[in-house]
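Q: Two chains, two frames, some hints: make the complex.
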Amino acid sequence: MKKFFLYVGVILMIFFCLFPIYFLLLNSFEPTSVSYSSPPILYPVAFTFSNYIGVFKDISLGSYIVNSLIVSLSATAIALLIGSMAAFAIAKIKFKGSSTLLNLLLILGFFPAATMIFPLYEMFAKFHLLNNYLSLILPYTTMSIPLTVWVLSTYFGQIPGELYEAARVDGMSRFQAFYKIILPLGIPAASTVAILDFIACWNEFILALTFMTKENMRTITVGISMISGRFSYQYPWGEIIAGALIVTVPLVVIIFVAQEKIISGLTAGAVKG
Amino acid sequence: MAMQSVNPKHEKGYLLALIGFVSPIVVFFTIFQIYPLIKNVWFSFTNIHNNFTLNNFYAILTGSSFWQSTWITVKFSLISVSFEMVIGFIFALLLNQEFHGRKAVRTIFLIPWALPTAIMATGWKFMLQHSYGPIPWILYWLHITQSPPYFLSMPKMAFASIIMADIWKTVPFCALLLLAGLQAIPRDLYEAMEVDGAGWFFKLRKLTFPLMLPAITVTLTFRFLQAFGVFDLIWVLTNGGPGNATMALSPFIYQQTFNWLDVRAGAATAVITSIYIIGLVVVIWITRSYVGRRYATQ
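Chains U and L are the protein sequences, given in the same order.
Using the working numbering, you'd call the opening residue of the first sequence number 18 and step up by one each time.
Using the working numbering, you'd call the opening residue of the second sequence number 5 and step up by one each time.
Excised from the complex, chain L in its bound form (with noise of 0.2 Å):
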């Protein structure tokens, strides 16, 4: 009798309590998220008086701006994802290691990671001001420029702006996240492998980088997917600007529909983006199944 309860699909009202656990997610998912998603399409094929049109795409397509956009958004996701991962990785070594305070420091790390993203903007958009953020006169008094530069007006500075805060912001939790996977690393094979004479490098390339690939890909997953979709750090410290220099894809999609109140363009480029974000995923997808095989049968 009580066996029976093992298999859960005989009892009755399985069907039900199923239904009453799950719908609410689904309910919630369905309603602002998927709805929200699918809308954007019918926005994106329509014209005001509700027809089918191609004019949306066509008119983003052909035109500059997006274009722009997309590229601005590949290269700062690029730039300051492999910047995060370098430097995360070095700082997850060094946290690895043992040494006074380490706690400490590992709680410091989470600071710049819990600070919300529009505020540390702010803040760095004080730091950067030209006359009297000290930013720009602590590298011009290091002799590192000729004079103060002027972050925020110009727009490759602009764009080397946002990509150093968002390292700022984001390096300690990359580090955090690939100190878990060393942390899983289990320590005899790192004693065996110096029984046998291995050096500081060629434990680096042969145990501990194989064996954080799992680490390392998740997460490489979740910054470049959120680096894709970067809107507070641009609104708040350049609006875009100087020009466009630095309008990535969600900042364009805002601008075009509660700016310029054009929504059927907003829909467009954000249909597009979904598009982006998509191909990401299966790119990703693909790539992890196949390092996964690969390491499995080494």
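Excised from the complex, chain U in its bound form (with noise of 0.2 Å):
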């Protein structure tokens, strides 16, 4: 009996995460009339794979999917760079104040991108950055170094210090010992906050809405959002849909591969508390 319960209970929990996937996924294939039609149709009644030409011909998903690829990757690769240097000081080098750092750049995370797009839009504007893949990378790799320094830091402080130490007498230099000896071993930890940095740049709305105005300048989020029908009473809904799902396979494929990373480095936070 409680078995019973058990059960439905896990297929409300999965009903309730695929559900609107599997509207998304039936519309996507349905022409535009049938997803049209009132009232809706729940299960599918014709195939066609016209949305998923059409998202690529009429809309240019390639080029929001090159554009988001750019970004992220780049403010990913970036932020994974600088924040192992700074998560090496702090777990390594060892400084006062580097808890308040720490600290500091939690609490900085917290403000929401709209209490300072203002100012970052009139400074890329500026130097003429706005429509330029660098107003994205430079504020995605600042957004991403909090999470890549807490995670880094407490994996760098769990690397024993004798290591560093035979390294220093052997008279490495301190930016020999950190990627030589330190910077190997934290390959694990490494991966894991690429993966989620990866992730929340891929996902960012707010400024890429803001400093890409040229439609081929925009990313994926955007792009997909934003499309509005080439008949200003008609969404192209079926294209739309069928984009949206486009570009949300690599995050599965993602998910798929490296599940057990994504939870750990998500949780670390709420088991130490």
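A portion of the hints provided could be inaccurate.
As a list, the in silico SDA-like pairs of lysine to any residue whose alpha-carbon atoms are at most 25 Å apart [as the list claims (entries may be wrong)]:
1) 79/L to 126/U
2) 278/U to 107/L
3) 207/L to 22/U
4) 20/U to 191/L
5) 20/U to 111/L
6) 107/L to 212/U
7) 107/L to 33/U
These aren't lab readings, by the way, just hints derived from the structure by calculation.
Just so you know, these numbers come straight off a predicted model, no measurement behind them.
A: Next up, the structure:
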């Protein structure tokens, strides 16, 4: 009996997570005329790939994906590079005020992007960086730093200090000890952070909406959510939904490949408190 | 000789190395986070001729839009986070049981979390359309409503829509965080209580809940502060409307700055929003150290 209720609960949970995905998948394969039928049809009646083709032809999804990849990968790489250096300093060189720095990073990360968006806009406009990848790469890097430094400094802290000290006694400089000894050992944590940073950048919306005003410079989140129909009275829902599903695929692949890493990265804070 | 290196501060080049390692993140933060916050303070206290003025604050604090936005933000955060914590806790308890395919369910839980908010909001916008969206019609077919409800064009229903979409997106995330807290509780504590004949509810109240407090506070903190800055979801799903029914603070700042081109009003709203955030952080900080002390002494 207890088992029965457990499985009912589990099925409800799965239903909760997946029912929107079902409606989206369904409508992405239906011609627009079916998507617009009222009342809606909740089961497959026709099958077409036209939405998936149309989203690349009518809506430049391809360039949105390329833009998103460029800014997300660059920001993740820079955040990992400079974040791991700072994390190393916090964990191994040790200095006064390192915990203040960590807390400051955490708190600054809580400020909504809207509270700082205009000064950034003004700054990028002044340096002619609007519609330039840098206008997203630089703030995305900044946005990724708190998580990167937090997770990596904890991880580096667990690496025995003797390893670092032995390297120093052997005559390595601090920087050599960092990239030859500590960094290689930190790869598992670094890959976790890289995944979380990448997803956060891939999903960012408000800065991309503001700094990329040209249609061909849009990222996927803005590109897909800001599509208006070629005819103002009719949204091309089928194509929008197909686009939404296409850009979700890489995320689902990442989830399947790295679910353990993602969960451990997400929950690191919850266990320690 | 070797032992000297244990205290790194006595090594030569300590300060230089420190600056080399830490300055890149400090530079990024100063330019792209601290400078914009300070610049907004400057904007909010000046007029177009760069003279000091309190008019920007006076205008927004005496108008009704700002207070309405504050109220919408508080209401949205409180309602959505409460639902998310309760449902998330129930899901976490279920996920903590042994059943076939548990790992697969955990993977499925990551899907709503990983989906970009702007894109899932687009999907919800389709599903909530009155004439052809599935959700209004399912509610009607199940006789929950008299007719397919208008979600996005009625103020109260639009507010319910953003809460619903937010719950869908973040319940799985809350559940996974809380599950991590649950799994950190040693099994033998439960066994010890069962030997003493403790019931299901007694265990939940006296063991699970107190030991889960750190995980609960972390989840609450992150979720509440995140919900307080909500932008993507509202901008895509309702655009703050109908009227201003879902215009939370972040979209309000955006509207003032980029739609009305009233940069200084936007800056003043942004500054007050920042003060709200600082206030929330302080309250959470004090609560956490209080809770921490209380449970440390028990």
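Q: Are the Cα positions of residue 20/U and residue 191/L separated by 25 Å at most?
A: Roughly 20 Å between the alpha carbons, so the hint for residue 20/U and residue 191/L holds.
Q: Holds or violated: residue 107/L with residue 212/U, Cα cutoff 25 Å?
A: The hint holds at about 19 Å.
Q: For residue 278/U and residue 107/L, compute the direct alpha-carbon distance and say whether it is at most 25 Å.
A: holds (13 Å)
Q: When you check the alpha-carbon spacing of residue 207/L and residue 22/U, does it fall within 25 Å?
A: holds (19 Å)
Q: Hinted pair, alpha-carbon criterion (25 Å max): residue 79/L, residue 126/U. Please report holds or violated.
A: Between residue 79/L and residue 126/U the Cα gap is close to 22 Å, so the pair holds against 25 Å.
Q: Quickly compare the C-alpha distance for residue 107/L and residue 33/U to 25 Å and report which way the hint goes.
A: holds (17 Å)
Q: Does residue 20/U pair with residue 111/L here, judged by a C-alpha cut-off of 25 Å?
A: holds (22 Å)
Hint compliance for this structure: no hint is broken.
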